[in-house]
Amino acid sequence: MAGGPVHEALAELELVDHHCHGVVTGPLDRPGFEALLTEGERWPGISPFDTPAGVAVRRHCAPVLGLERHAPADAYLARRAELGPREVNRRFLAAARTGVFCVDTGFAPHPVTTPAELAEAAGGVAHEVVRLESVAEAVAARGVEADGYADAFRSAALDAVRRPGVVGVKSVAAYRTGFDLDPARPADAEVTRAARRWLARGGRLDEPVLVRHLLWTAVDLGLPLQLHTGFGDHDIRLHRVDPTHLTDWLHLTAGTIPVLLLHCWPYQRQAGYLAAVFEQVYLDVGLTLHHVGPARARAVLEEALEITPFRKLLYSSDAYGVAEFYGLGALAFRRGLGELLQDRLDADELGLDDALRLARWAASDNARRVYRLPDAH
Amino acid sequence: MAGGPVHEALAELELVDHHCHGVVTGPLDRPGFEALLTEGERWPGISPFDTPAGVAVRRHCAPVLGLERHAPADAYLARRAELGPREVNRRFLAAARTGVFCVDTGFAPHPVTTPAELAEAAGGVAHEVVRLESVAEAVAARGVEADGYADAFRSAALDAVRRPGVVGVKSVAAYRTGFDLDPARPADAEVTRAARRWLARGGRLDEPVLVRHLLWTAVDLGLPLQLHTGFGDHDIRLHRVDPTHLTDWLHLTAGTIPVLLLHCWPYQRQAGYLAAVFEQVYLDVGLTLHHVGPARARAVLEEALEITPFRKLLYSSDAYGVAEFYGLGALAFRRGLGELLQDRLDADELGLDDALRLARWAASDNARRVYRLPDAH
Amino acid sequence: MAGGPVHEALAELELVDHHCHGVVTGPLDRPGFEALLTEGERWPGISPFDTPAGVAVRRHCAPVLGLERHAPADAYLARRAELGPREVNRRFLAAARTGVFCVDTGFAPHPVTTPAELAEAAGGVAHEVVRLESVAEAVAARGVEADGYADAFRSAALDAVRRPGVVGVKSVAAYRTGFDLDPARPADAEVTRAARRWLARGGRLDEPVLVRHLLWTAVDLGLPLQLHTGFGDHDIRLHRVDPTHLTDWLHLTAGTIPVLLLHCWPYQRQAGYLAAVFEQVYLDVGLTLHHVGPARARAVLEEALEITPFRKLLYSSDAYGVAEFYGLGALAFRRGLGELLQDRLDADELGLDDALRLARWAASDNARRVYRLPDAH
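Residue numbers (the numbering used here), protein chains in the order written: chain A, 942 to 1318; chain B, 942 to 1318; chain C, 942 to 1318.
Rather than coming from a laboratory, the hints here were simulated on the basis of the structure.
Remember, predicted model here, so these are calculated numbers, not experimental data.
Note that CB positions come from ideal geometry on N, CA and C, so glycine has one too.
A portion of the hints provided could be inaccurate.
Not the full set, but computed from the structure, chain A residues with beta-carbon under 10 Å of chain C [to be verified]: (1) Asp1123; (2) Thr1194; (3) Tyr1208; (4) Gly1213; (5) Tyr1312; (6) Leu1314; (7) Pro1315; (8) Asp1316.
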């Protein structure tokens, strides 16, 4: 195993996972588990276990359940069922050694833990991140006139973020329109016209004008804004979610809210560029880390950190559904960042105090600073 | 040299080269050889030998001809001429240890081997891949009315794919329009209008509507479709051949034909994303491997496999013209994949059985599965 | 420390820095120094020292000033002030062991060295590169009618490049419009109309037609043209400065002037593609090298050289303002290229003579050839 003072320090540090979701509370059969293992789907003849993430689960998660490393998928699932969801979730959440969770509660096609349940299972603290598209869609579902949409959305968003424990908001504009949007704040009349089209049509919020309006409403709310960028499921048009398409909008919103670029892969260098030239931009490589697995986590982090200021990298798991991804994300992050820093230390490219400081910043302090969380005990 | 069980297994495995071309049958003088060594051209004062591919030829191909490693270009070409094309081709094809070739017969500016001749020289089996643009251009050359173009093309394509030994089709839409096309199947009237424009103008098929129509005709044919993506000669507009521009078309054609993304570099991560989220998408890094050479093959494969399901990576050489590229492509693939898997095995990130299985899949089984080829003996 | 014949050869070679700027001649306080350390700005709570470049300065530049490696930022700045700008500049320029500087004199918001002063401080030779946007803006500032703009600009550009010591021209079209421009030479009437708009509006040259006209005027001048591509400050829209957007323009201008793609990151592979398929295209990874630092210079160079012909890579520091970046750029280049070549030599992927030749080409001969500079003594 990897050794040295940086690895030891990272092993001790309690992580702040600034972007994650709930864990499925009930039992999962094979189709159910496999569906959560991939951003694709279950396809005949192609098991989601035969992916970098699947291999990493069998390697790193099997021992957490008391199995041999590289246990076969069948044995893994049998053991998982035997232990039951409560114990499985507890084990992986404990293994993640994460002290703080900022939970996006706007995506939950399955019955999943609430932030409080997640925190309890992990022995940590949970905060909430409000997904603004869900707020907008709830406003539409309750019924609203087109010319009242803007006020109703703003008001609902304000109500949502004023609830105790809310530390930020999130947008999945990447999934709805991509980022090649007009960057300007839309005029009221434009919003009303777009709302008329959308409310007549129904469905999820994908009117470009309303997506822009949502991003500008986030600015008004004043909380840190998480933006999905890069990698996701097949609903993404990857070439339209390169975060550098946001450059004009970042110019217009400079001096307002922190913007946290999530995932980023394969645009982690582009995200790093934005973090290097815009005060308000931060990034993580969540979701990516458990999908590429510990074998490639360091390579992705190396690119993410090529020019990124060390105050700008955060940790997230972006785990959803299966508790394995909390454990795997945390492992891949600790291992990947540890290797990166330890090798630079060994090559005398970095001093020990600096290496330890950068590890602490990325693992927790940067997130505490951006979200104004209390210091670690 | 690289050692360990994965390297040994890959050395033994007979490859399936799912995308290649013929080899020049006659002698090649220096200008002729150098022109085939590069995707560029011969330029005064800049030898195609002074490239990663040229260095790799002098290093890895010279010994196959009985010369010292790193033999000078002049000595290399003299020895090549001395042995004669038949013997040179035989040696490199034997060195490639490729059991099956799927040969694109639609590109042959030089007199090259037929699939049968290639198979015989290599001691393997050859299948054919039909290049659809060549079919369309032959239809136009024979003479057709605009309103008969769609039927004539479909009929000619059906005739072409029903010939014995045909296992797939290919499109070079990347060279003609790039992928930022309207994804929808074009209406008949639209096709007729576009055919009128094209037939009046002549030249290669580059009408966007007809390129779309060609891709949809491929869907109707029902065979696996190879798509050139990424790297090629200067006729490519690289930013327009990022395969993620195909996302909408892949949504519309889901559940129909397998789509094999060829080359991909520098978009191998983007191709991996598509392979991870669309059931029908596969990829290779052919052409790239011999151009970057064994020194960088592993790095490119690492990126290609970051999230790609292990059932989705295929091997191709995309060799054309000089037999060296069959040998070099195969060497770079075996070496690169071997290093990747062996290192993960050594780090206990992968079990031995898994490593051997993944090697076998990429080297041959995935291609056999997609093209429904008979199993290896 | 890195050893072996390639490292030794690179340590001995005098570099040709084909693209750099002047060094600030006066003293720099902490805000002044930090502002020059980053492509971003100084932000409360985020020190520019806490970046890969800042860490590299403390590691590699501190010893040049007689401090311990990894000296704290405060100690570094105190020692820098104590030695004074003249001595600081002398030390870093000497450490860079650069024999020839091609200095872009068109960007100098601070009082900086002239090319002659830079050369004298470094004990080398300086040439000049004329920034064409500055020439155009000076023409506008002197006053010109719209219909006289084209002639006046051409005439001023000819005057500028005929001055002794001028070896090339440069464009920052990347900052003004990006590269998704109509590639054709604009008609006279079009230029006049665009000039009318621009002259009425004033400000920097950002009329797309005039930017195109500037690029075509560069073709007429006949000297090598340096083009900023990729990474820069927040004025860049990174997705619009991928150099492959220049493909159509490169087709139209083939056979005319050499085009040198500067910086390139994160598009170094795309730049390598262009260098591999267009005779006139060259590239460097200047600016990038000191921002990513010696810890990542080799990784960036590996990608830049994946398919780039070895005659096509040049060295530049793109240093501006702080002399540290001359030293750091040169160090990162020598170290990164040395590791790349030495490892290939050690793996027997490259012969010794070849490795030494490729080092010499990239370090100086390629630049001497493109700019027709006299041979090294």
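Evaluation of the provided hints:
1. About 14 Å separates the beta-carbon of Asp1123 of chain A from the nearest beta-carbon of chain C, more than 10 Å, and the hint is not met.
2. Taken as an interface hint, Thr1194 of chain A does not check out: its beta carbon lies about 13 Å from the nearest beta carbon of chain C, beyond 10 Å.
3. Evaluation of the Tyr1208 of chain A hint against chain C yields a held restraint, the C-beta minimum of about 9 Å falling below 10 Å.
4. Look at Gly1213 of chain A: its Cβ gets to within about 8 Å of chain C, closer than 10 Å, so that hint holds up.
5. The closest approach between the C-beta of Tyr1312 of chain A and any C-beta of chain C is roughly 14 Å, which is over the 10 Å cut-off, so the hint fails.
6. Taking 10 Å as the C-beta cut-off, the interface hint given for Leu1314 of chain A is violated, the closest approach to chain C being about 15 Å.
7. For Pro1315 of chain A, the shortest C-beta to C-beta distance to chain C is roughly 17 Å, which exceeds 10 Å, and the interface hint is violated.
8. Contact between Asp1316 of chain A and chain C, as hinted, is not supported at the beta carbon level, the nearest pair being about 15 Å apart and thus beyond 10 Å.
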